[in-house]
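Participant: Going down the list, the sequences are from chains A and B.
Oh and the first sequence: position 193 is 193 in UniProt numbering, straight run, nothing missing.
Oh and the second sequence: position 928 is 928 in UniProt numbering, straight run, nothing missing.
Misleading hints may appear alongside valid ones.
[Unchecked claim] Derived DSBU-like pairs (lysine-lysine); straight-line CA-CA distance at most 30 Å:
no.: 1; chain 1: B; residue 1: Lys-841; chain 2: A; residue 2: Lys-209
no.: 2; chain 1: A; residue 1: Lys-16; chain 2: B; residue 2: Lys-816
no.: 3; chain 1: B; residue 1: Lys-29; chain 2: B; residue 2: Lys-162
no.: 4; chain 1: B; residue 1: Lys-317; chain 2: B; residue 2: Lys-238
[Claimed, not checked] Here are some chain B residues pointing at chain A (derived, C-beta under 10 Å):
no.: 5; residue: Ile-540
no.: 6; residue: Ile-541
no.: 7; residue: Gly-545
no.: 8; residue: Asn-826
Hint data in this document are derived by calculation from the structure and do not stem from the laboratory.
Glycine residues also receive a C-beta, built at the ideal position from the N, C-alpha and C atoms.
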Amino acid sequence: MEESVKSCQEELSALKKEYEDFVYIVSHDIKTPMRAISNITTWIEDDLGSDVNPDILNNFALLKNRVGRLEKMLNALLELSRINRTEMELYEVNFPKLVEECIASLDYEQNVKFQVEYHLDNESCTTVGKKLNKVIFNILDNAVRFHDKEIKNIYVDVSENESEYEIKISDDGPGIAEELKDKIFAIFYTVNSKDVFDSTGAGLTISSKIVEYVGGKIQYTPGRDKGSIFQINWPKIISLKN
Amino acid sequence: MKINPKPENEFDRLKALEGYSIMDTLPEKEYDAITQLASYICGTPIALVSLLDKDRQWFKSSVGLGATETPREISFCQYSIMGEEVYEVTNALENTLFADNPLVTGNPDIRFYAGAPLKDSDGFNLGSLCVIDTVPRALDVNQKNALQLLANQVVLLLQLRKNNEDLHTTQKEFQNFIDLSKDLVCIANVNGMFHKVNPAFTRVLGYSKAELEGTPFVNFVHPDDLAATYHEVEKLAKGELTISFENRYRCKNGTYILLSWNTSPDPVTGNLYCIARDMTLENDQKEALVKTSSELSAILNSTEFSVIATDLEGTIKEFNDGAEKMLGYTAADVVGKTSPAIIHVLDEVIKRAEELTFELGEEVEPGFDVFVVKARKLGIADSRQWTYVRKDGSTLPIQLSITAIKNSLDEITGYLGVAKDITKEKEAELNLINSNKLLDESQSIAKTGSWKFDLITKDLIWSKGHYRIFEIDELPPDTLYEAYRNMLKPQDLLLLDKEIEKSVATGQDFEFFNRIEFPDKRVKYILTLGKVIKNEAGEIIGAQGSIQDITEKTLVEQSLINSNKLLDESQSIAKIGSWKFDLATNDLVWSKAHYSIFELEELSSDKLFVAYRERIFPDDLKILDNLNLDKLNIDEDFKISYRIVLPDNSIKHILEIGKPFKNDKGQMIGLQGSIMDVTEKTLAEQKIAEKAKEINDIRSALDESSIVSISDKNGIFSFVNDNFCTISKYTKEELVGKDQRIISGSLSSDFTSTIYRTITNGNIWKGEIRNLAKDGTYYWEKTTIVPFLDEKGRSYQYIAISADITDQKRAEENLKVALLNLGKTNKELDQFAYIVSHDLKAPLRAINNLSEWIVEDMPDMPKEVSANFDLLRGRVLRMENLINGVLEYSRIGRTKIEKQDTDLKKMLYQIVDSIVPTEGFEIYIAENIPKIKIASILFQQLFSNLISNSVKYNDKPIGKIECFYESLPHFHQFTIKDNGPGIAEEYHKKVFKVFQTIEARDKKESTGIGLSIVQKIIEEAEGTIRIVSEKDEGASFIFTIPKEA
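The task is simple: from the sequences and hints, build the whole structure.
Facilitator: See the structure below:
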């Protein structure tokens, strides 16, 4: 019986390794032809110059866009494959400071309003700060980017219990249709066509992968009046899953 | 329809007729004379003496008729015997009773009939004297009277015959009586000569009949007794009717025996009728009895058995020391005063009387006869267990053997009951019962039935008991035999027929043992015993007998034999012997039984002591030597045990009880006593001890290794062991006396009622149970619950033996979760791979399409730009191939592909067709490439990759690609060989790694994933692949896959 469990677990870890291999192979080995494609495109652009038929220019612009998107997708895959390899440093993080930094690095306009609340005994904690930063940034970025209102309200609420920090990020944006909410964490999935919002659809995948990796949880619930709520349970003590 | 009349006393009439022994005798002239006279007087051509038995009329005498008998139902005489008067039919044709009678319509054409009944002195009409004519007529009054008178003459003849017959029988019986008499019977004539002597004379005296008859009987009287004998005989002359006297008589061999005479004279002839009895034996026997009884009491007084001797009526004659000790009565209390009834339990006697009545088939009154009937009737020692009641009213179990005491004439003069206290054995037996319930079954009562079988009609009759055993409803006799046979198995039928055949052929008793299987699979073992029934002619016409359901006996026997023989051994009757030792001479005297226990030939008394000591086990001699005679109290028994060694080196255990005896002066001059062979008892005790230890060992082993609990029939714990407490986290005090639901309460009621149903029906339940510990956690047990059954087969307690399987259960649950995760992950990974490759290909395709459009839209495109576009499209293509390759690679082994029969040769031809250019290549595909069952899509990929590699890297003007096949013992082996550049040794392993290509990708457009796919497919199929190649000498890819088992 124990042997069966063991062999089962071995197979499971083999599968996980295969998943990582897959991501790694795709992101690394395909990078070579990707770079070639990217370079060749630049050469062609230089050789063509601007003195050509606008239709052709238009097409070429499209071509460049696709090359760019492809590159972003591959970079996203690369990032996914590196989640458990890089940026593993544990250091002390101050929550308000971390959230501020995230907001600061967002590319947003004046009509976005952030309301941040902390219910913490101790605002500092020792954790894999870069990862936490990444997760919070990705979710805030989504909240800003896919917002459909003139005035965009975004709420951040950080609280704690014995073992976890609970980070709630909500907005009054369009929300996610009920039938789609299971798909949003899948790689390259975008609610709208990629031509509407130029997005790779990898942000939530990477975020959930990180949270899962540190032993936490991330979940989506629809907001009270439309909008979205993402709740992150981030463990106080990081137990790294292999 | 005509009714055949029957006299009211028909049954007795037939018996009376039989008493005359007349039927089917030869003709006699006395009867013929009467029939002739009747024919003459009545003027009829035919006259008959007709006698009517059950089915026919038979003619003792006939005139004018050829036949000797006719069936009764067409006879005229059946009407004659109904009345007192002459019965007359004047014209049969006009009489409705006879008009269609075959004797009227055909030969002898009877028209006239007149018959007078033959009425005997007891009033039975045995038949008739009748006259018959072929023409109608009538008798006148005189003729009728004459006919009746003649009929009376016939009856007189019959009566005479019967009287003769009786006389003859009586004489014969008397003669037999005389001949067989043990006493000497003779007739002496007036002259004092033997006139007639019976065979007893020859037997007792040795003279032949001829030597005695005609010889004076005084010739043989002892000279000393002659005067007395004459004196007695003279009394007869004086008118005494009977005289009795004794004298000594000379036998032929010269010895004298003592005869006791009774003599009477015949008043008519003056002959003397004498009866003599040999008193010698009786005298000897009297003496012997006195001797024997004195010896007996001497021997038996020194044993620890109770020995009680009684006379024929049951009055106690002997009551030994052992009996006094055992029962608390003194000999003076009981000898001559009472019967053993006072020491027995009345209920047992009544019960035994019933058993014996059944067993012997005759009424046995619940009295003294109950004890001795077997000894008396069957001449065997009747040995069984009883309960004795002591003087103080307490009881003890005993084994009582009763034998008849006989004199030398083999006549019973009394009874001897030897009883042994079996309290210890009983306790041992009880212990056995407790540990091993087998004995219960051995005490069940045998079931029996009886049957009778008619060999001619095949009618079979069963008693109710017989039907009960066979568990069928009662059937009519003519169908029962068939039904019985249908219940037997074919092989048993063969045996049965053989046994019947044997009994019919030899007349021997019939014994048949078989099994019956009932529809519900129960089996009974049946023993059928039978005796043949013969008719007067000695022919076998049937059989009758009994059956016995010996299922339990058989089963018990089997299991007893299998499990232990202790009971038999412990119950066997101890053998005893007696001895006497003279202290002055060291002379030793033994009884015969003593010799047989020691297995010694009889020895003279001076040598016996030495032989005795030699027999004794060397180490045990000191027991004898330690017996300090000075300290022996003269009134006290000593008791020692020792072992003896027999010539075959076997050992016997002996219990010896002895007592000093004194001379007239009160000095101790010797020892006497008895020994008892207690080997069986000793061994049995040892075995019981071993068995008890074994049971204890098993129990402690069980305690050590398992979780054990015992609960009563209501589920209340009566015992829990330490393991039970450890796992349930309760203490013993918290569990014993509590309902077992304390731990099993969380189980579903369906589940518990299944268990309950199983064990209350006496079956063993096995299974896994999740129980609740004290701290609220659950633990799993693999449990066996065994019900203990009472005599009625009802469960009275349950023992549960369990093993802790909590860890195993947890592992099982973990496995379940792990398997679930595995399935999920597998699916996720598959989806992930698909999404990635699909989503990545979309922009690639867009880039490709856009660059084509741009090139089409710019016909005057500078050369270097269009070259760059070509380059761009080449890279796009490579990237797409890469993505496809990775996707394929990641899918191998994760998606189950059904195996199917595949013609590999056909597949290879198709692959070659689609991959290999028509020119510049020579292809060889071996003929022996087989059809096998494989995942054909994977093998299509496998061969495509290998062959396309060979094509891709070919560097010769004519590329050669060859496919071979070889069948190895457990593997299929395939080889793909080419004449390309070959692969250097150092790359043999490396080429199978993902994205490895030996040459730069720009030189040969290759993703480098092909061989990885090949290797992964082969590994999934549990095969191997290797490369045989040298640089510049071509390469062979050789791979094997296992054959289907």
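Participant: Each of the hints needs a verdict: does it hold here or not?
Facilitator: The hints, checked one at a time:
1. B:Lys-841 - A:Lys-209: holds, 24 Å
2. A:Lys-16 - B:Lys-816: Roughly 18 Å between the alpha carbons, so the hint for Lys-16 (chain A) and Lys-816 (chain B) holds.
3. B:Lys-29 - B:Lys-162: Measuring from Cα to Cα gives roughly 17 Å; hence the hint holds.
4. B:Lys-317 - B:Lys-238: Not OK: Lys-317 (chain B) and Lys-238 (chain B) at ~46 Å, beyond 30 Å, violated.
5. Ile-540: Because about 72 Å separates Ile-540 (chain B) from the closest Cβ in chain A, which is outside the 10 Å limit, the hint is violated.
6. Ile-541: Hint violated; Ile-541 (chain B) Cβ to chain A Cβ min 74 Å, cut 10 Å.
7. Gly-545: For Gly-545 (chain B), the interface hint is violated, since the closest Cβ of chain A sits about 63 Å away, which is over 10 Å.
8. Asn-826: holds, 6 Å
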